[in-house]
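Asker: Here's the letter readout for the chains.
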Amino acid sequence: MTGNFLKIRKHASNLLVYAILVTLGILWVLPIGYLVYTAFRVTPSTGIINTLFPDDLRLGFSNFSRLFGDTLFSQWLGNTMIVAISSCALTTAFILMVSYALSRLRFRLRRPIMNVLLVLGMFPGFMSMIAVYFILKAMGLTNSLLALVLVYSGSAALSYYICTGFFDTVPRAMEEAAILDGASQPIVFWKIILPMAKPIIVYTVLTSFISPWCDFIFVNTIINDRNKYTVALGLYKMINAEKNSFNDNFTVFCAGALVVGAIIVTLFMSMQKYYVEGITAGAVKG
Amino acid sequence: MPYTDNTFFLYYNKSVLTETDVASLDGILSKCSAGKQFAYPMADGWYSSAFYFGKGLGFEVTYNDHLAETSIDCDFDNATGEAVTQAMWSYVKDSRFKADANDSKIAAGFNDGSIVAAVTGIWNRTTIQNYLGENFAAAKLPTYTLYKGTADEEQTQLVSFAGYKLMGVNNYSKNKTDAMDFAEFYCSRENQIKHFESRGFVPTDVEARADERVQADVCAKAITEQLKHSKTQKSVPSTLWIPLEGLGNAMITGAQSGSFDLKTQLKACVAAIEKTTN
Amino acid sequence: MGKKRERIKPNVFKRLIFAFKDGSYATRLSFLVMGFGQIARGQLAKGFSYFLFQVLFALYMIFFGGRYVGHLFSGNLGSRLSGERWNESLQIFEKVSGDNSFLILLYGVVSLVLFCVFLTVWAMNVFGSYENDARLERGQELSTFRADLRSLINEKFYIPLLLPPFLGLLVFTVMPLIFMVLIAFTNYDYAHMPPGKLFDWVGFKNFQAMFSLADGAGFALVFLRVLVWTFVWAFFATFTNYFLGLVIAMLIHKKGIKLKALWRTLFVVAIAVPQFVTLLLMQKILDGDGILNKILSTNILWLADQRYFSLLPRTMIILVNIWIGVPYTLLMCSGILLNVPTDYYEAARIDGASAPQIFFKITLPYMMHITAPYLITQFVGNINNFNVIWLLTGGGPVDNVYYGGGSQAQSTDLLVTWLYRLTTDQNPKYNVASVIGIVIFVISAALSLITFNRASATKSEDAFQ
Chain S
1 MTGNFLKIRK HASNLLVYAI LVTLGILWVL PIGYLVYTAF RVTPSTGIIN
51 TLFPDDLRLG FSNFSRLFGD TLFSQWLGNT MIVAISSCAL TTAFILMVSY
101 ALSRLRFRLR RPIMNVLLVL GMFPGFMSMI AVYFILKAMG LTNSLLALVL
151 VYSGSAALSY YICTGFFDTV PRAMEEAAIL DGASQPIVFW KIILPMAKPI
201 IVYTVLTSFI SPWCDFIFVN TIINDRNKYT VALGLYKMIN AEKNSFNDNF
251 TVFCAGALVV GAIIVTLFMS MQKYYVEGIT AGAVKG
Chain H
1 MPYTDNTFFL YYNKSVLTET DVASLDGILS KCSAGKQFAY PMADGWYSSA
51 FYFGKGLGFE VTYNDHLAET SIDCDFDNAT GEAVTQAMWS YVKDSRFKAD
101 ANDSKIAAGF NDGSIVAAVT GIWNRTTIQN YLGENFAAAK LPTYTLYKGT
151 ADEEQTQLVS FAGYKLMGVN NYSKNKTDAM DFAEFYCSRE NQIKHFESRG
201 FVPTDVEARA DERVQADVCA KAITEQLKHS KTQKSVPSTL WIPLEGLGNA
251 MITGAQSGSF DLKTQLKACV AAIEKTTN
Chain G
1 MGKKRERIKP NVFKRLIFAF KDGSYATRLS FLVMGFGQIA RGQLAKGFSY
51 FLFQVLFALY MIFFGGRYVG HLFSGNLGSR LSGERWNESL QIFEKVSGDN
101 SFLILLYGVV SLVLFCVFLT VWAMNVFGSY ENDARLERGQ ELSTFRADLR
151 SLINEKFYIP LLLPPFLGLL VFTVMPLIFM VLIAFTNYDY AHMPPGKLFD
201 WVGFKNFQAM FSLADGAGFA LVFLRVLVWT FVWAFFATFT NYFLGLVIAM
251 LIHKKGIKLK ALWRTLFVVA IAVPQFVTLL LMQKILDGDG ILNKILSTNI
301 LWLADQRYFS LLPRTMIILV NIWIGVPYTL LMCSGILLNV PTDYYEAARI
351 DGASAPQIFF KITLPYMMHI TAPYLITQFV GNINNFNVIW LLTGGGPVDN
401 VYYGGGSQAQ STDLLVTWLY RLTTDQNPKY NVASVIGIVI FVISAALSLI
451 TFNRASATKS EDAFQ
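Chains as they are written, first to last, in my numbering: chain S, 1 to 286; chain H, 1 to 278; chain G, 1 to 465.
Excised from the complex, chain S in its bound form (with noise of 0.2 Å):
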């Protein structure tokens, strides 16, 4: 009897277990449905968006066409690639060179430069925001794309964290066996030991690429042209910059949103394992 009174509490136990979940799944799934929702909503006559169901309800493509026809957002989705790209390459090799230095090469100012590395990275990011664009100004590249690239990767260094910790698991063991067989320091680096940081190469390569996508911030300060927006920035703008705009852009807003998120799904999708195993590694020894 025993028996099956545990099985009817498991039962009962994950039963339970499943309603939560569908609840929670729901409800973490809702908002992403309505901006899917507007996104294929024909913005109707009225104009109005607020009503869930009107009565003149219509679905259709229209907001894409109004996205890549009207509103420079083809133009700001090339700024973004050019800029992601950019950046995640210079950004990955900075992070790269920084950590592989601080973490398996030995010299004097190692521990003082790996201090005085964590506490610069604890300034706030926009304190230094208008300095930067003077310095930028001064240099003649306010409003250009090349500014971008150089802002984000300016600072990549200060990451190197997670990759040192990273590269510590890494047993000397190879590296021994490679100099006495007479490599050079930078075969070492370049042949054995990169290599092997795969995973967590290719997490830095996906942080640093999506960063440009979200940054609307650093963006707002440095580019005043419209046609060099990055994506960030045109959406923001999109419905909160000038006094009618919610209204009239929403539906395009949402299809946007949707466009963008879909990049960034699929690259997530394509490299979830490495993902998922450069969060614990970094969690975990960093």
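Just to be clear, a hint being listed does not mean it is correct.
Said to hold, decoys possible - Only pairs whose alpha carbons sit at most 27 Å apart, straight line, appear in this in silico DSS-like list of lysine-lysine:
#1 H:K267 / H:K93
#2 S:K137 / H:K174
#3 H:K176 / H:K194
#4 S:K137 / H:K148
#5 H:K148 / H:K93
#6 G:K260 / S:K7
#7 G:K205 / H:K275
#8 G:K156 / S:K237
#9 G:K156 / G:K254
#10 G:K361 / S:K7
#11 G:K21 / S:K7
#12 G:K156 / S:K198
#13 G:K254 / S:K7
#14 S:K237 / H:K165
#15 H:K93 / H:K55
#16 S:K7 / G:K255
#17 G:K197 / H:K234
#18 H:K165 / H:K221
#19 H:K221 / H:K231
#20 S:K10 / G:K361
#21 G:K361 / H:K165
#22 G:K197 / H:K36
#23 H:K234 / H:K267
#24 H:K176 / G:K254
#25 H:K221 / S:K228
#26 H:K55 / H:K194
#27 H:K174 / G:K197
#28 G:K260 / S:K10
#29 S:K10 / G:K255
#30 S:K137 / G:K197
#31 G:K197 / H:K275
#32 S:K191 / G:K156
#33 G:K254 / S:K10
#34 H:K176 / H:K55
Since the hints were derived computationally from the structure, they do not count as laboratory data.
With chain S fixed as given, assemble chains H and G onto it according to the hints.
Answerer: Structure of chains H and G alone, referenced to chain S:
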């Protein structure tokens, strides 16, 4: 160089409100209901100050030689000011009065019929005209009732801020003379009229305004009327807007529970306005 | 130099003095003329490079930098106001430029930084010459240029590795930071904006204004309120996300629950779209006239109700943050849960422990131990979590009663959103913003250093290697 006025006035739906109705706030509200409201952006200092200016209250700013504000004096919180705020609060409490309005809500409201009258500026003219079509009408700001229910009850005209849209030339620009020529061209009389015809901006140039095309326009009439009851937007303390936004917001949230600590909020608002940092 | 390395390394100044006292005349001369020690010994390429560097730097300082550095220390940041002058030929007023305090400060800082770089290179030059002396004494050959280059790739590989990233860091992080920290000691705000106006040093006046009451002229109360909310927010944001993520992860991974991947995906969908987009979306949904109110037929001002210290907006912010943050903690906890050594569980089961007991005595302590550094970084990060607050409420409803006093702080402001508003407002106050930035730094630094030192005491990197 100025080229158009920047003030606000009343837009209304002709089929619901008559000209006599829109002369006073109470008149407007009498024809409104919870589903057909009157919108007034109370949380925006540019609009809410009209109540105070109507009674002649204001502010006084002294500047030093570096053009920094050294002291600000604001008398919104004297006895009259308290009465004005009391009047504002009684309107905000009214369910026919939509106090948390902004441009997009007003446009949306005219569209689906939930707003029949609103106070905003000339830049919304085309959108509202599109939605109201034949029922489009404009007038100067109404009067509001002060000291309601007492022996001193009186009607006070709302006095709006009046500024001008200017075209200015950057002192540091490289082709300064060319820029100044362009500015003169842009703001010339003929171009002001052209501007009016294409976008409905009422010209500042007096002779342009006398042009019959401008004269016939409903908004131009409203603006010209309203300008007689306006306060030039000059020497405004930089600290004016945010505290008034706070005051308006407090009223709007107060309307939900029905309680609003008038004295404290008003005192805090004026204290914030009078705060200079020099 | 070989003998010295075994002992405790004396500091740089002592070594400089020692080099002077103990070095040859060539070394001593290289104190004045960079590169002399190298040239005298035949290391021509190296020596000339040093010398060239010295000449270039001297030229820079004479023609450009020196002036600004002088200004920095002279007690004011420019004294000539700009004005206007009537230009008869062009019939317009022409601007006569005066001193630009901002540029003076900026170039001054740049010059100072360059000066530090110069000092480093100078020290390298002296030590290089001293090293030559030592080698000659021992009868060794002096290293050729080629040998030096090669050492850069081998023993000193860290130099080419670190140089480019640090250069970027110097220009885009260190210099702006030094500059902004200095601004905290000036009165640079909207009333003192170059190029029209000048600003000047005011010492600690800004700090006084921030931290004292000064009969109503100080912001101390406002500052305290913002500070308290910043900590409260960081605490709730971090721990609600963590626990909920953990609980959901455990629910999903419970034995007997099917479709684990499905449940995980449902939650992860919420973070597929970039955070700022979803936040903007939430802002519109939670508006007074937004869709939530329409569905519930209420008109609650979710994000603008400033009663009870803006309790409603603050709660909504934390809730929305849960919506955004739980997927991340869920993923992380899932990953870690999968790796929990099962022997713990088996032992507990053999001993007859019940499910809650297992959770509280085994899973929870294990998770907390593993993720402690993560939690701390999250907490410090949430102190500076700009996006959530700014996009949802913009700092929140204006509250004149508790947040007034000309501070420009609003009721759901974190320190960092207050800082941002001060720099982007119509009437910016950069000096106050810099003071806040320094405060944020001090708090983050204190928190991180305390906790990291405790954490690193329990593990060591080389143990892994």
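Asker: All hints are to be evaluated individually against the structure, with a verdict given for each.
Answerer: Right, here's what the structure says about each hint:
Distance restraint check for K267 of chain H and K93 of chain H: the Cα-Cα separation of roughly 20 Å lies within the 27 Å cut-off, and the hinted pair is therefore satisfied. For the given pair, K137 of chain S sits about 17 Å from K174 of chain H by alpha-carbon distance, which is consistent with the 27 Å threshold. Note on K176 of chain H and K194 of chain H: the hinted pairing holds, with a Cα-Cα distance of about 25 Å set against a maximum of 27 Å. Of the supplied pair hints, the one linking K137 of chain S and K148 of chain H is violated, its CA atoms being roughly 59 Å apart against a limit of 27 Å.
For the hint pairing K148 of chain H with K93 of chain H, the CA-to-CA distance comes to about 14 Å; that is within 27 Å, so the pair holds. Restraint check for K260 of chain G and K7 of chain S: satisfied, since their Cα atoms lie roughly 21 Å apart, inside the 27 Å limit. Taking the CA atoms of K205 of chain G and K275 of chain H, the gap is about 17 Å. The hint holds against a cut of 27 Å. For a cut-off of 27 Å, the pair hint linking K156 of chain G to K237 of chain S is broken: about 49 Å separates their Cα positions.
The suggested pairing of K156 of chain G with K254 of chain G is violated, with an alpha-carbon distance near 52 Å, which exceeds 27 Å. Taking the CA atoms of K361 of chain G and K7 of chain S, the gap is near 25 Å; set against the 27 Å cutoff, the hint holds. Simply put, K21 of chain G and K7 of chain S have alpha-carbon atoms about 88 Å apart, too far for the 27 Å limit, and the pair is violated. Of the supplied pair hints, the one linking K156 of chain G and K198 of chain S holds, its CA atoms being roughly 25 Å apart against a limit of 27 Å.
For a cut-off of 27 Å, the pair hint linking K254 of chain G to K7 of chain S stands: about 15 Å separates their Cα positions. Our distance criterion of 27 Å between C-alpha atoms is met by K237 of chain S and K165 of chain H, whose separation comes to about 23 Å. For the hint pairing K93 of chain H with K55 of chain H, the CA-to-CA distance comes to about 21 Å; that is within 27 Å, so the pair holds. A hinted pair counts as satisfied when its Cα atoms are at most 27 Å apart, and K7 of chain S with K255 of chain G qualifies at roughly 13 Å.
Of the supplied pair hints, the one linking K197 of chain G and K234 of chain H holds, its CA atoms being roughly 21 Å apart against a limit of 27 Å. Only pairs whose Cα atoms come within 27 Å are accepted, and K165 of chain H paired with K221 of chain H is accepted, the gap being roughly 18 Å. Restraint check for K221 of chain H and K231 of chain H: satisfied, since their Cα atoms lie roughly 18 Å apart, inside the 27 Å limit. For the hint linking K10 of chain S to K361 of chain G, the alpha-carbon distance of about 22 Å falls within 27 Å, and the restraint holds.
Between K361 of chain G and K165 of chain H the CA atoms are separated by roughly 70 Å; this puts the pair beyond 27 Å, and the hint is violated. With a CA separation close to 51 Å, the supplied pair K197 of chain G and K36 of chain H exceeds the 27 Å bound. Between K234 of chain H and K267 of chain H the alpha-carbon distance is near 24 Å, which keeps this suggested pair within the 27 Å criterion. With a C-alpha separation of about 74 Å, the suggested pair K176 of chain H and K254 of chain G falls outside the 27 Å cut-off, and the hint is violated.
Restraint check for K221 of chain H and K228 of chain S: not satisfied, since their Cα atoms lie roughly 42 Å apart, outside the 27 Å limit. Between K55 of chain H and K194 of chain H, the direct Cα distance comes to roughly 37 Å. Violation of the 27 Å bound is thereby established for this hinted pair. The suggested pairing of K174 of chain H with K197 of chain G holds, with an alpha-carbon distance near 21 Å, which does not exceed 27 Å. Using a Cα cut-off of 27 Å, the hinted pair K260 of chain G and K10 of chain S holds, with the two alpha carbons roughly 17 Å apart.
Distance restraint check for K10 of chain S and K255 of chain G: the Cα-Cα separation of roughly 10 Å lies within the 27 Å cut-off, and the hinted pair is therefore satisfied. For the proposed pair K137 of chain S and K197 of chain G, the alpha carbon gap of about 20 Å is at most 27 Å, so the pair holds. For the suggested pair K197 of chain G and K275 of chain H, the alpha carbons sit about 22 Å apart, so the restraint of at most 27 Å is met. A distance of roughly 18 Å separates the Cα atoms of K191 of chain S and K156 of chain G; the hinted pair therefore holds under the 27 Å criterion.
Pair hint K254 of chain G plus K10 of chain S holds up; C-alpha atoms about 11 Å apart against a cutoff of 27 Å. For the suggested pair K176 of chain H and K55 of chain H, the alpha carbons sit about 44 Å apart, so the restraint of at most 27 Å is broken.
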